[in-house]
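Let's have the full structure, built from the sequences with the hints guiding it.
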Amino acid sequence: MPENQIYTFDKVFKPDSIQADVYDFVGKETIEDVLNGYNGTIFAYGQTGTGKTHTMYGNIYDPDLKGIIPRAR
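FYI, my numbering numbers position 39 of the sequence shown as 39, with every residue one higher than the one before it.
Just to be clear, a hint being listed does not mean it is correct.
Computed list of lysine to any residue pairs in SDA-like fashion (alpha-carbon distance at most 20 Å, straight line) [said to hold, decoys possible]: (1) 52 with 24; (2) 11 with 40; (3) 66 with 27; (4) 52 with 9; (5) 14 with 2; (6) 14 with 26; (7) 66 with 53.
In case anyone wonders, no lab produced these hints; they're calculated from the structure.
Here it is in structure tokens:
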């Protein structure tokens, strides 16, 4: 790996972040772009057990706990 390789990220969410905050930052603009004809991808990556499924789906029957996918409807 080159020594001058730089990796950046946009945001780190605190453990007490709510699903709506994650959707507003990660999903809302991407969903709007897709509806306007652009390609969009939301990619959840990380170790097993770190909350990827919860972030993407959450509890689809609870308005406060639903994740990115149910909010995209």
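> Holds or violated: residue 14 with residue 2, Cα cutoff 20 Å?
Replying inline: Judged against 20 Å, a Cα distance of about 31 Å means the pair is violated.
>> Check whether the Cα positions of residue 11 and residue 40 lie no farther apart than 20 Å.
In response: The given pair, whose Cα atoms are some 19 Å apart, holds under the 20 Å limit.
> When you check the alpha-carbon spacing of residue 66 and residue 53, does it fall within 20 Å?
Replying inline: holds, 11 Å
>> Run the distance test for residue 52 versus residue 9: straight-line Cα separation, threshold 20 Å.
In response: Distance ~17 Å between residue 52 and residue 9 Cα, so the pair holds.
>> For a C-alpha distance cap of 20 Å, please report whether residue 66 and residue 27 respect it.
In response: Judged against 20 Å, a Cα distance of about 13 Å means the pair holds.
> Taking 20 Å as the top limit, are the C-alpha atoms of residue 52 and residue 24 close enough?
Replying inline: holds, 16 Å
> Are residue 14 and residue 26 close enough, with their CA atoms no more than 20 Å apart?
Replying inline: Holds: residue 14 and residue 26 sit about 14 Å apart, inside 20 Å.
Hint 5 from the list above is the single one not met by this structure.
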